[in-house]
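Protein chains in written order, with the working numbering: chain A, 18 to 274; chain B, 18 to 274.
Because the hints were derived from the structure by calculation, they are not lab data.
In this text, a Cβ means the ideal position worked out from N, Cα and C, and glycines have one as well.
Where hints are given, some of them may not hold.
With a cut-off of at most 25 Å between alpha-carbon atoms, the simulated SDA-like pairs for lysine to any residue come out as follows [what the hints assert, rightly or not]:
| # | chain 1 | residue 1 | chain 2 | residue 2 |
| --- | --- | --- | --- | --- |
| 1 | B | Lys-103 | A | Leu-272 |
| 2 | B | Lys-212 | A | Lys-34 |
| 3 | A | Lys-34 | B | Thr-104 |
| 4 | A | Lys-212 | B | Lys-103 |
| 5 | B | Lys-154 | A | Ser-256 |
| 6 | B | Lys-169 | B | Lys-212 |
| 7 | A | Lys-24 | A | His-125 |
Sample of chain B residues with no beta-carbon within 12 Å of chain A, all distances over it, derived [said to hold, decoys possible]:
| # | residue |
| --- | --- |
| 8 | Met-75 |
| 9 | Val-86 |
| 10 | Gly-142 |
| 11 | Thr-143 |
| 12 | Lys-154 |
| 13 | Gly-176 |
| 14 | Ser-253 |
| 15 | Arg-269 |
2 protein chains.
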Amino acid sequence: MERILSKQNAKVKAWAKLATKKGRQEQKTYLLDGWHLVEEAIKANAKFHAIMATEEQMEAHLPDVPHGVPAFEISKEVAAHIAGSKTPQGIFAEVTLPEKTFDPAYVHDGLWLFLDAIQDPGNVGTLIRTADAAGFKGVVLGQDTADAYAPKVVRAMQGSHFHLEVLQGDLNDWIDAFEQNDLPVYGSELNEAAKPYQDIHGLSAGALIVGNEGQGLNPDLAAKTTANLYIPILGSAESLNVAVAGGILMFRLSLGN
Amino acid sequence: MERILSKQNAKVKAWAKLATKKGRQEQKTYLLDGWHLVEEAIKANAKFHAIMATEEQMEAHLPDVPHGVPAFEISKEVAAHIAGSKTPQGIFAEVTLPEKTFDPAYVHDGLWLFLDAIQDPGNVGTLIRTADAAGFKGVVLGQDTADAYAPKVVRAMQGSHFHLEVLQGDLNDWIDAFEQNDLPVYGSELNEAAKPYQDIHGLSAGALIVGNEGQGLNPDLAAKTTANLYIPILGSAESLNVAVAGGILMFRLSLGN
């Protein structure tokens, strides 16, 4: 097994570049940091380009890695450099970046979450993880939403991108296609003129849109929905965190009570 | 007005130390970063020790600052140093650290959130903000929970600590006192043997406990509750983010449907 001890190594430089969108698009791969994510990728039959681990992590996990995956033993310094953090677990995988095209005209079932300009990577990842937990079929990342394969998003998704569809798209097209297919699309608004979410019961198919952290849902999208929902604020907070609000609405739609 | 241009200035060093628990305990103050928080502190009649702002921010906001608060104009470099971030808004306040004692034996009403070993500052802050939005009366931070006045917690609370009680305490004492006063205490568990949360309806008084991100609720606390609730996981995610789970349960308890 090749041992890599220097941050100047060309492979290390390439892995570190996967922290940027440009790096991921050029190399058509992204990075998984930590055994939990690597294990989820193995279960999901992801296409591995490399596995990189410190001596200790390699000893613990090499037997579980699929045969034929190039494995590299790395120093703790190299691990910290790839992770962009001081104390990573010390095991990584480089896997193929999904390049899916998905025509919403063919969607006839399941619950879908649409993200409109969600900018915080932790929020994007947590919303995808929550959509998975709530039994949603997919998440569509609209314009100005953080990239699903950015390191902080991948960390917060905790592997959920292996369980449901995670797609990029123009939310206008998705809303139009859903309405064409008679599937309801609910927006969410911080607006007491909208529909209280408790008035909605379960759905087997349709979509929920959540909007930007500061600006809320784009008014052009809000104008196209079947209805817009709001969560009553009972205290003095001005708003809810978007991942919390999304979680409340998603579980309402999926459980129905 | 005193102008401070050097990071070596003794006041700047003291403000920067407020990022640490030791610094806050020694100086008995904490830091608010950004006009939104400073404004919430003004509305709440917080005790101000100082207000610090760049020239631009001072011009915009000085008229709204209470009379008699010592004001300091700071350079952008000093602002970044105090904030511990590259591009802060450029306005800060140093305010008195609350030192409340609160005997749970006297609690007879309202909904309360108990945090058991919630370690991530963003989660602690988001849970407090959500408790505020859900109309809760207070939040009690148990052992091993991130400090409420750490900068990342203050940022995520978005001023909610000015709207409800935020206390530290021994959760064992709080549970005992609530049960003594006939107030229900619900734990939350990732355990299908627990009670589905949809079986619970609204409460006007009582408590919800949420537990550590990785370990869940401490079993000794879980054993003392009135009942433990779980949120059904419908997809393949292993769990929910604790702030999302807390939000779903808090709105259920407060809205009742």
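To see whether the hints hold, each was checked on the structure:
1. Lys-103/B x Leu-272/A: Distance of about 43 Å is beyond 25 Å: violated.
2. Lys-212/B x Lys-34/A: 47 Å, violated
3. Lys-34/A x Thr-104/B: The hint holds at about 24 Å.
4. Lys-212/A x Lys-103/B: Not satisfied, since the Cα-Cα distance of roughly 40 Å exceeds 25 Å.
5. Lys-154/B x Ser-256/A: 17 Å, holds
6. Lys-169/B x Lys-212/B: 33 Å, violated
7. Lys-24/A x His-125/A: Distance ~49 Å between Lys-24/A and His-125/A Cα, so the pair is violated.
8. Met-75: 24 Å, holds
9. Val-86: Consistent with the label, Val-86/B stays out of reach of chain A, its closest Cβ about 23 Å off (over 12 Å).
10. Gly-142: 9 Å, violated
11. Thr-143: For Thr-143/B, whose nearest Cβ neighbour in chain A is about 5 Å away, the distance does not exceed 12 Å, so it is violated.
12. Lys-154: Violated, because the least Cβ-Cβ distance between Lys-154/B and chain A comes to about 9 Å, which does not exceed 12 Å.
13. Gly-176: Nearest chain A Cβ is 8 Å from Gly-176/B, so the label is violated.
14. Ser-253: 4 Å, violated
15. Arg-269: 9 Å, violated
The structure fails hints 1, 2, 4, 6, 7, 10, 11, 12, 13, 14 and 15 (numbered hints given earlier, in ascending order).
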